[in-house]
Each structure stands twice: as C-alpha cells, then as structure tokens.
Amino acid sequence: MKKMNMNMMMASALTLGLTLGLTTATTVYADPAAEQGKILAGFKKDYPDVKFDDMIHGAMVFSADAKSQYNAIMEMPPFLDAMDAGKKMWDTPFKNGKTYAECMPNGGKQIAGNYPQFDDKKGEVVTFEMTLNGCRTANGETALGYSDMKTMGVVTAYARSLSDGMKVNVKVEGDAAKKAYAEGKKTYFARAGQLNFSCANCHIGGAGNNLRSEILSPVVGQATHWPVFRGKDGGDISTTLQKRYVGCFKQVRHVSEKEGSKMLNNLEYYHTSLSNGLPMQAPVYRK
Amino acid sequence: MRKFVLKATVLVSVALASTAVLADAKQIADGKVLSYNSSKGNCLACHSMPAMADADQPGNSGPPLVAMKERFPKKADLRAKIWDATATSPQTMMPILGKHGALTETEIDAVLEFVYGL
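Residue numbers (our numbering), protein chains in the order written: chain A, 7 to 293; chain B, 1071 to 1188.
Isolated chain A, as found in the complex (with noise of 0.2 Å):
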C-alpha cells in the first residue's frame, strides 16, 4: 500500500512536470524551431512560392532583377581587398606566436553556424565575434572593439568566410539560455523609436512589402550572410549584423545599445535562431 502510493505519487509529479513544461512550450514560444514555424507558416500564406532555402537572399526573393545584379556584383566583388586585410590578421601568429586558428574550435572552420550559443558558465549569450576577441585576450592581445569595422569588421568577415555553407545551428537549452532567447525576441518585438517600428513589424508582418522602392526582407534568412559589404558604403566596408542593428535602431529614430551589448547580443541569438538550417554564406553584397 505504502509503495503504491509512493508510485502514485511520483506518476502525479510526472504528469505535473509534463504539464508544466508543454504550458510553457506554447506559451512562451521557447522552442526555437516552433517559433521559427510559426513565422514561416505565416510568410507562406503570403509568397507560398518562396523556397525556403532561397530565403538566404533576403529581399532578392521578390526581386529577380535585384538577384541578377547581385549575381553579376558577386563576380568580381567590391570587397576583396578587404578580405585580404582580414586574412592578414587571421594569419598574423599573436606576439607569443599563437593564431586564431590554434585558439577557434575545429581551427575555426565550419563552426560559424553555432553561433550565437549560450555560455552556460559564463551564464551568457557568446557571439562569433566574442570568441575571436577571447581568443585574443588569453594569449596576451587586446580585444577589438565590435563597432570597428576596419579590424573586427574584415578579420570577422575572413573568419566566417571559412564556415562557407554550414547551416545555421542554434541552440536554445537550458532556462538560462531561454531566458536570453527570451529578452531577445522581447527586443525583436519592441516598438521602438521616435518613429514606433519594431524589427517585427517590417521583417515579419511586413515581409516583402516596400517602403518606397526598397522590398522589406523576411526575417527567416537574415542572419546567413554576415558581414555584409554595402554599395551605398562604396561595397569595400564591413558591416557585421550588429552594426547592422545599430543602423536599423537609428533609421527609426532610436538611440540603441551599442555593438557587443548584452541587448544585442541577446537578440542576435533570438534573431540567428530564426535562420537555423539555412546555409551561411560570408561575406556578400548587399545594397
């Protein structure tokens, strides 16, 4: 009678445990492949003929003008010249004679795509860009800032290039790293600015819709292709994604955190997760 009871009660702590975890599921929208469903089941009501592979090319899914120019651009990029400074630094042992590749995991190959992940030591969202500056602060070098575009910019861009066509493979495990996940997408959500946008409003519900003559990208895709080499910069200067974000936050009127923040890094991890299973491709033009 005693062991039954004690059965029955571990059945109801069970089925309780159960309960809870599937409640949280749907209501916070914690997984990352459900949340990253939701939103292309909603895009696909919309363009049901976009493929989703296709989504790495952003706005060009609406434009196969826009596609054509960029086929023709990624010929003969405007950005090799920074692509050698970054392979520079990558190749560049450190004064005590180590190399990034020595210090990356895999020699820094094929691992971009896991990136962000959360760092459950540290108890924080690490970004790419955040294991190359550890890589060069344990052997005896200064951190670079995020924002400098002529340092982190090209020796990121390099870097990534070398995770050429690995799939985006982020992961959200632990409640820790779901509460990042969390903020993130809260940011995602936030209107923001003296012009009340949200990334969602243009990403999600706006997707492929213009404003003026420029087509909004969907979100599912976004974070594939980073750093990117913009035309209206003269297509030679780096702009990583969280630059990117800095541009979005000022375009709608709002003083954001800067590059290499907490808020951002959050949301580079909520946003990245949103491409899980796309292949990456770095560094490409863009407009």
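Check the hints yourself; a few may be wrong.
With a straight-line cut-off of 25 Å between C-alpha atoms, the simulated PhoX-like cross-links for lysine-lysine are [said to hold, decoys possible]:
1. A:K238 - B:K1110
2. A:K73 - A:K184
3. A:K184 - A:K57
4. B:K1110 - A:K293
5. A:K256 - B:K1144
6. A:K57 - A:K177
7. B:K1096 - A:K256
8. B:K1096 - B:K1144
9. B:K1169 - A:K192
Source of the hints: derived by calculation from the structure; they are not laboratory data.
Since the structure of chain A is provided, determine the placement of chain B on it from the hints.
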C-alpha cells in the same frame, strides 16, 4: 456713411477670404513638400497617391491615399490619425508623427491640408 460701411465691410471680407484661400494654398504646398520629404512626413514611403503625377515610386505598406474626404468625413479624424495612428489602430505600422514630435503641430496641419485633398 451707410454706403461706406457696407463698402468697407465688403472690402474687409474679400481681403479676409483671399487671405484664407492663400493660407490654404501655402499650407497645401508646404504639406506636399513635407509628405514627400523622406526625413519629415515621408508619407510616400508607405502610401501611393494616385492623384499626384509626381509621387514617384511610392511604397505599399499602407493603403493608397485616395478619396480622403469620403474616407474621413470629419477632418479631425484624419488629423488624429496622422498625429497618432496607434490611438485608434494599436497594431498599425504607421509612425506616431505628432505625439512623438516627428512633425510640429503646424507641420501636421500642413500635411493634413495636402492629404485631405487627395
């Protein structure tokens, strides 16, 4: 004397009326400039204006600006929309132009006069 008063009244009325018409024309012209300006009203970013031949490459994130008098029988409703569209449509993408100070009250009035004629 009576004739004079009448004459004077007519003159004043004509003067007042023409001032009002002139003010409207200037407001409409100012409103158009503000509506086209990408760092001011920037209406064209989202709205087409089928009545305006020079409204180049408008966006389509918002509804076309047509038949505004029919859609907003009360002009004040349209002004309120421009001033803070979220007050009546919380989910709208439309920027909060008046309440957040992107446009001054005078600029809002000018945009209103221009848009109301579309």
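The hints, checked one at a time:
With a C-alpha separation of about 21 Å, the suggested pairing of K238 of chain A with K1110 of chain B holds against the 25 Å cut-off. The hinted pair formed by K73 of chain A and K184 of chain A fails the criterion: a straight-line CA distance of about 36 Å is larger than 25 Å. Of the supplied pair hints, the one linking K184 of chain A and K57 of chain A is violated, its CA atoms being roughly 29 Å apart against a limit of 25 Å. Using a Cα cut-off of 25 Å, the hinted pair K1110 of chain B and K293 of chain A holds, with the two alpha carbons roughly 23 Å apart.
Between K256 of chain A and K1144 of chain B the CA atoms are separated by roughly 35 Å; this puts the pair beyond 25 Å, and the hint is violated. At most 25 Å may separate the alpha-carbon atoms for a hinted pair to count; K57 of chain A and K177 of chain A meet this at roughly 23 Å. Distance restraint check for K1096 of chain B and K256 of chain A: the Cα-Cα separation of roughly 32 Å exceeds the 25 Å cut-off, and the hinted pair is therefore not satisfied. Under the criterion of a C-alpha separation no larger than 25 Å, the hint pairing K1096 of chain B with K1144 of chain B is consistent with the structure, at around 22 Å.
With a C-alpha separation of about 24 Å, the suggested pair K1169 of chain B and K192 of chain A falls inside the 25 Å cut-off, and the hint holds.
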